[in-house]
Amino acid sequence: MPKFIYPVLFVAYFFFTFGIRSFGFYSLKDSFKRDHFNPLIVFLSLFSLSGFFLSEMIYLGNSFHVESNAMWFAVQSLMGSWLLFSCFLLRFWTNLKSSVLITVVVLLVAFPSTIQFLSIRNDNHYYQINSSAMEVVRYLEKTPPRSVVLHPIVPGGISLSSNLAGRSSVVSYLHTHVTDYIGKPETNLRLMTVELFFAQNDSSYRRSVLNKFNVDYVYSPLKYAAALDKEPELLQVLRNSEYAVYKVKGRSELLQQ
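Going by the numbering used here, the first residue of the sequence shown is number 1, and it counts up by one from there.
Mixed in with the good hints, there may be bad ones.
[What the hints assert, rightly or not] As a list, the in silico DSS-like pairs of lysine-lysine whose alpha-carbon atoms are at most 30 angstroms apart:
#1 Lys-212 / Lys-223
#2 Lys-212 / Lys-247
#3 Lys-249 / Lys-212
#4 Lys-212 / Lys-142
#5 Lys-247 / Lys-223
To be clear, the hints were calculated from the coordinates, so they are not data collected in a lab.
Please build the complete structure, drawing on both the sequences and the hints.
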């Protein structure tokens, strides 16, 4: 679009972002009067504006990170602008009738976000973890803290090592920022590597993967156990009705030193 439209769109973007909180900046109108200087209004206004514009002007992250961490300046600005909006409403607090009206306005403004919070809080979507999976988690929790775990990737599924046991995984997708920092090419390479590790019966390839990522433990569903049991580099340390856990020979001893 033409460049001259940018300033107009940015102004619109500003008001859409702050929404009803934009009225709070109206309080600046009377804050610089000689007989009525209000440092609180000035501070809240500068706080809200500076964080918003700073998040638009700088980038905090690396070349792989999609989102800019500067957005957190804007988050704080939006929180501060609620206080500024409250100061704006107090201008109209003159009697009981106006106080009731202001209370209704606050409730109406808070209503959408309250409904959103309650809908998330009472959402019945949970990650199901059974006793077999928890047995694997309990075992991994007792391994050295710097252990690296290799496991199959389940789309949308939870990582027993990273999400629950607090141990590093070669790659894990759910609720992680790691994939943003290593970049999409490296993430795709690791996904393909892990898939091939469990999909094919090539001991030399599996050995190279274990060495490349300094893997200390491997866990997998039992459907892969028949093949992994034959690997000379792996020693089975746990087996239940659904999972098998293997220790990479030699690696865990190095971690203990």
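Each hint tested on the structure:
{"no.": "1", "hint": "Lys-212 / Lys-223", "result": "holds, 25 angstroms"}
{"no.": "2", "hint": "Lys-212 / Lys-247", "result": "holds, 16 angstroms"}
{"no.": "3", "hint": "Lys-249 / Lys-212", "result": "holds, 15 angstroms"}
{"no.": "4", "hint": "Lys-212 / Lys-142", "result": "holds, 24 angstroms"}
{"no.": "5", "hint": "Lys-247 / Lys-223", "result": "holds, 18 angstroms"}
Of the numbered hints given earlier, the model fails none.
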